Amino acid sequence: HPEIGVHLKVGSVIILQDVSIFSPIRETYYLNITLRNIVKVFGSDIGGPTDDLVRLSIPIDTNKPPTRSVDDILSTLIPPLHKPEGTG
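Numbering-wise, this note's numbering comes out as the position in the sequence shown, counting from 1, plus 896.
Please note that the accuracy of each hint is not assured.
Said to hold, decoys possible - What follows is a set of in silico ranges between Cβ atoms, one per label pair, in the way DEER data are often shown: (1) P920 x D941: 31 to 41 angstroms; (2) L912 x D948: 34 to 44 angstroms; (3) V950 x V906: 18 to 28 angstroms; (4) S940 x P898: 12 to 22 angstroms; (5) T972 x D941: 32 to 42 angstroms; (6) D967 x V915: 17 to 27 angstroms.
Calculated directly from the structure, the hints in this document are not laboratory data. Note that the coordinates shown come from a computational prediction; the quantities given were computed from them, not determined experimentally. Don't be surprised by glycine CBs; every beta carbon is placed ideally from N, CA and C.
Given only the sequences and the hints, what does the whole structure look like? Please build it.
Structure follows, in structure tokens:
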């Protein structure tokens, strides 16, 4: 994302909300970060957090799209292996 990408590097801090952790297999974990999860981004070149720096931090426009269920999303990606009885 053009507003965020330039600030993301080693030492940057991202304040997140409503995050999900995905684990497709045992002992493998992924943190699911989307634009709507990001509250604030602090670049690595700033000093300690002061009230002024927090107010001046990069605001993120989170035009939140409608939420979809995990089953709804997965149903568009992976064809079902079998159909439950009575569903056609």
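message = If you test the structure against every hint from before, which numbers come out violated?
response = As far as the earlier hints go, only 2 is violated by this structure.
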